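Spelled out from the first residue to the last, the chains are:
4 protein chains.
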Amino acid sequence: MTKVVIAYHSGYGHTLTQAQAVLEGAKSVPGVEARLVSVAEITDADWADLDAADAIVFGAPTYMGSVSAPFKTFMDASSKPWFTQNWKDKVAAGFTTSASQSGDKLGSLIQLMVFANQHGMIWTSLGLMPGNNSSTGSVDDLNRLGSFSGAMAQANADQGGDAMRDSDLKTAAHLGQRVATLAAKLRD
Amino acid sequence: MTKVVIAYHSGYGHTLTQAQAVLEGAKSVPGVEARLVSVAEITDADWADLDAADAIVFGAPTYMGSVSAPFKTFMDASSKPWFTQNWKDKVAAGFTTSASQSGDKLGSLIQLMVFANQHGMIWTSLGLMPGNNSSTGSVDDLNRLGSFSGAMAQANADQGGDAMRDSDLKTAAHLGQRVATLAAKLRD
Amino acid sequence: MTKVVIAYHSGYGHTLTQAQAVLEGAKSVPGVEARLVSVAEITDADWADLDAADAIVFGAPTYMGSVSAPFKTFMDASSKPWFTQNWKDKVAAGFTTSASQSGDKLGSLIQLMVFANQHGMIWTSLGLMPGNNSSTGSVDDLNRLGSFSGAMAQANADQGGDAMRDSDLKTAAHLGQRVATLAAKLRD
Amino acid sequence: MTKVVIAYHSGYGHTLTQAQAVLEGAKSVPGVEARLVSVAEITDADWADLDAADAIVFGAPTYMGSVSAPFKTFMDASSKPWFTQNWKDKVAAGFTTSASQSGDKLGSLIQLMVFANQHGMIWTSLGLMPGNNSSTGSVDDLNRLGSFSGAMAQANADQGGDAMRDSDLKTAAHLGQRVATLAAKLRD
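Protein chains in written order, with our numbering: chain A, 12 to 199; chain B, 12 to 199; chain C, 12 to 199; chain D, 12 to 199.
Isolated chain A, as found in the complex:
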């Protein structure tokens, strides 16, 4: 089986909802098993799963222009597998959520890419054309925010993860499917 681990932090539930969509997308690929790891309560068994994974997908909310502090704590702790190059050549991808439509989410995705590159990983783009960018487009379009480096979701500051847009979750699921497909192909 190809193993995909989605390592995420969620402050208020929005990023968890997005992570679950990535998970469903990954699981939809034949021969792939996938699971979530909540980095705020990561265990030794989780670290072992990350070492054993074919692909790791990183997800965090964008707070003050970059990934949340609990996720950064996880990133810094990953200097241990970095020294031993345990994650080298694994497939990577990223997703992020914020309340603003654009809102510096690209900053978080760039941060995650630069991080994955330090680990010697292979970064998977979103692989979708942009939606919601013409007079006939709508917020229900796939990739309605026009992201390419990973999956973005926008969630209203006064609503929970259950109110997130289906288009953003389908976009996240697309990324999960894409990452899993690439990981399966490279493992083959």
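Incorrect hints may appear among the rest.
Identical copies go unnamed one by one, so any copy, or any two together, can satisfy a pair.
Stated by the list, open to error - Calculated cross-link-like contacts (lysine to any residue; reagent style SDA-like; alpha-carbon spacing at most 20 Å):
#1 LYS38 <-> SER49
#2 LYS38 <-> HIS185
#3 LYS14 <-> LYS196
#4 LYS196 <-> MET12
#5 LYS14 <-> ALA59
#6 LYS91 <-> ALA168
#7 LYS38 <-> SER178
#8 LYS91 <-> SER145
#9 LYS196 <-> ARG46
#10 LYS99 <-> ALA195
#11 LYS14 <-> LYS38
In case anyone wonders, no lab produced these hints; they're calculated from the structure.
Keep in mind the model is a prediction, meaning the values are calculated, not measured.
We have chain A already, so just place chains B, C and D on it with the hints.
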């Protein structure tokens, strides 16, 4: 008089419309004179005006994830005033347009900031709280895209500059006013 | 008096050494008082000093491609003064250290700029030409790493803060002096 | 045969020297054919080769904080294969040169990554530990600049491509070999 120059490139008219909004915002500040410079047809007199300016605002469409090639040509040509440090300590700011809601516009603003920093300039943030980020928000809110590093505008791919949202143009005008105010204060 | 606060995190002493150089540079400007705030042990009195400051300089080591987790914890906690816009229009600048010569330090400076922009601050570039970039250059040159968006320092992984290069510390002191000079001018 | 195309712009010969090292590295992989495309004089046959490639490596000097204008002209012209998604799922990587040791080269690599992501490509990190970052390190170490997102080279402003450091060229060759290996594996 405090002098503000808005150096822009516009491929299809959207960024020109945004530049005109920045211009109006700058002109609204007492004691400030402002003008546009189209970098695709820049003259020696324009370069002299840039040297004499208290503030330079940079604006370009986001094409393939960064500022348009004609604008980059202008940036590279500015290595001449860089060698002589002619733009050092001037006030700077930036704006960009793309068809996507988010669409890598932050990448262009980061590129403009890093560029202005090489020139030794002082970068002006947008200075607005985000709009359109709650259940009561709308696309008519000021800063509806949630940008902080400069002014962003989204323009539908199948419509011209005349169809741009008033909220984006008011956001651009706010940036123009803010840059001009800071430049006037520093000149004082 | 113009007040400058240098908010820093240091993991092994290198960034503290760099922060002290920034402090000396800031203090060298007439009419300026400056102090360090260690964000890992920040107090209510420190937050009040940040609110009262004319300029805040941000400094952290680059770990795994972006600012250290303890510094990010401080950034996220600053969402409180952000909601009330307490830091709006203050002068900002940044510095960072890593063991590698280049080593993703620009990623940390970009992260700090985007963060300062969300707060509505004014970003101060380093304002130096690059050193150590020709056949007659050396590691003893001011700005020997060729940074523009803030001050960079390189510190060997197997040596302490006391072994840092004088050229990097002079570069940091230059940034402190430059930030303090701008803050004093804007306060005037 | 697995096809690798190295699309580059070189202003003064340094990036051409680096591109040739990437080329040698790619050619060293069994079953791989590789060639250079000079984007400043790109032909229809070159565009067809890019469409037919398994991997495209992008290389340009860093001018004023981002890739050179001639390279950006090529990037903008690639909106044609983007509309038809011709480069989707190809392997990508990047390299850049500047006179400064750090000198905003990460900004260029980020720009190239964001660009490759828009095309729906798969980004290859450098896959090396950093060199020249301890008291026993030297400028002759592989990855002596400490880059991870692609290959960096530093070339003195007053010397030609023939004076470039062997360590930087070996680092570039490593990237070429790594990209070709991944492309061959994915084609398999």
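We went through each hint and held it up to the structure:
In this homomeric assembly, LYS38 and SER49 come within 20 Å of each other (Cα to Cα) only inside a single copy, at 18 Å, whereas the closest approach across copies is 43 Å. With identical chains, the CA atoms of LYS38 and HIS185 are at most 20 Å apart within one copy only, with a shortest distance of 11 Å there and 35 Å across copies. Proximity of LYS14 and LYS196 under a CA criterion of 20 Å is satisfied in both settings, with 12 Å inside one chain copy and 19 Å between copies. In this assembly of identical chains, the alpha carbons of LYS196 and MET12 lie at most 20 Å apart whether taken from the same copy (12 Å) or from different copies (19 Å).
With identical chains, the CA atoms of LYS14 and ALA59 are at most 20 Å apart within one copy only, with a shortest distance of 12 Å there and 37 Å across copies. For the identical chains of this complex, LYS91 and ALA168 are inter-copy neighbours only, at 15 Å across copies versus 35 Å inside a copy, given an alpha-carbon limit of 20 Å. When the C-alpha separation of LYS38 and SER178 is checked against a cutoff of 20 Å, the pair qualifies only within one copy, where the shortest distance is 19 Å, while the shortest distance between copies is 41 Å. When the C-alpha separation of LYS91 and SER145 is checked against a cutoff of 20 Å, the pair qualifies only between copies, where the shortest distance is 18 Å, while the shortest distance within a copy is 46 Å.
Taking the shortest alpha-carbon separations for LYS196 and ARG46, only the intra-copy value of 19 Å comes in at or below 20 Å, while the best inter-copy value is 26 Å. Taking CA atoms no more than 20 Å apart as the test, LYS99 paired with ALA195 passes in both settings, with 16 Å inside one copy and 18 Å between copies. When the C-alpha separation of LYS14 and LYS38 is checked against a cutoff of 20 Å, the pair qualifies only within one copy, where the shortest distance is 10 Å, while the shortest distance between copies is 32 Å.
In this structure, none of the earlier numbered hints is contradicted; all agree with it.
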